[in-house]
Amino acid sequence: EGPSDPNKKVSQDPNKPLTKNQKKREAKKAKGPQEGQARAEPAPSSGYNASEPVAFTSSGDPEKDKKIKNLRKKIQQIEKLKEQQKSGKQLELNQIEKLKTEGSLLQELAALEIS
Numbered sequence: 001e002g003p004s005d006p007n008k009k010v011s012q013d014p015n016k017p018l019t020k021n022q023k024k025r026e027a028k029k030a031k032g033p034q035e036g037q038a039r040a041e042p043a044p045s046s047g048y049n050a051s052e053p054v055a056f057t058s059s060g061d062p063e064k065d066k067k068i069k070n071l072r073k074k075i076q077q078i079e080k081l082k083e084q085q086k087s088g089k090q091l092e093l094n095q096i097e098k099l100k101t102e103g104s105l106l107q108e109l110a111a112l113e114i115s
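In UniProt numbering, the protein residues as written are 1 to 115.
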């Protein structure tokens, strides 16, 4: 019988085998701190870094907020493409075209955030 509250501690017999979910939780807890240390190292980047979390402030206009969100998403995709290009991956023509639109996307985003 499992507890109805998942945060409630249940005294467990050390000789009793763990359930599948308990094993997953323990593995996740053990893996968690190591993964956090790897993410702490920032990747060097020039200009706008889309991977940095930007505090999103609502402008009050849902259409404007949606446009800003989409622009940030596109800029983040461009950053990923730049990383792939740096690592030596051959980009497709449409990906190269997307890289060329970065300047206009940044200008449009800045204009929306100011107004």
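Please note that the accuracy of each hint is not assured.
[What the hints assert, rightly or not] The list that follows gives simulated cross-link-like pairs (lysine-lysine, DSS-like), each with its CA atoms no further than 30 Å apart:
1) K16 with K29
2) K98 with K86
3) K80 with K29
4) K66 with K80
5) K86 with K100
6) K89 with K69
7) K64 with K82
[Unchecked claim] Here are the computed distance ranges between Cβ atoms for each label pair:
8) D61 with Q107: 37 to 47 Å
9) K64 with G103: 18 to 28 Å
10) Q95 with E63: 24 to 34 Å
11) K67 with K89: 23 to 33 Å
12) K16 with G60: 48 to 58 Å
13) P17 with K67: 32 to 42 Å
If you are wondering where the hints come from, they were derived from the structure by calculation, not from laboratory data. Where a beta carbon is used, it is the ideal one built from N, C-alpha and C, also for glycine.
E63 and Q95 - C-beta distance against the hinted 24 to 34 Å: 28 Å, holds
Restraint status (C-alpha distance of K89 to K69 at most 30 Å): 28 Å, holds
K16 paired with K29 [C-alpha distance capped at 30 Å]: 20 Å, holds
Proposed proximity, K100 with K86 (alpha carbon, max 30 Å): 16 Å, holds
Pairwise beta carbon distance, K64 to G103, judged against the given window 18 to 28 Å: 21 Å, holds
Q107 and D61 - C-beta distance against the hinted 37 to 47 Å: 19 Å, violated
Verdict for P17, K67 (Cβ pair) under range 32 to 42 Å: 54 Å, violated
Hinted pair K80 and K29, Cα distance within 30 Å: Given pair K80, K29 holds - Cα atoms ~29 Å apart, limit 30 Å.
Pairwise beta carbon distance, K67 to K89, judged against the given window 23 to 33 Å: With a Cβ separation near 30 Å, K67 and K89 satisfy 23 to 33 Å, so the hint holds.
C-beta pair K16, G60: status relative to the range 48 to 58 Å that was hinted: 56 Å, holds
K64 paired with K82 [C-alpha distance capped at 30 Å]: Holds - the C-alpha atoms of K82 and K64 are around 27 Å apart, at most 30 Å.
Given pair status - K86, K98, alpha carbons within 30 Å: Distance of about 16 Å is within 30 Å: holds.
In this structure, the hints that do not hold are numbers 8 and 13, in rising order.
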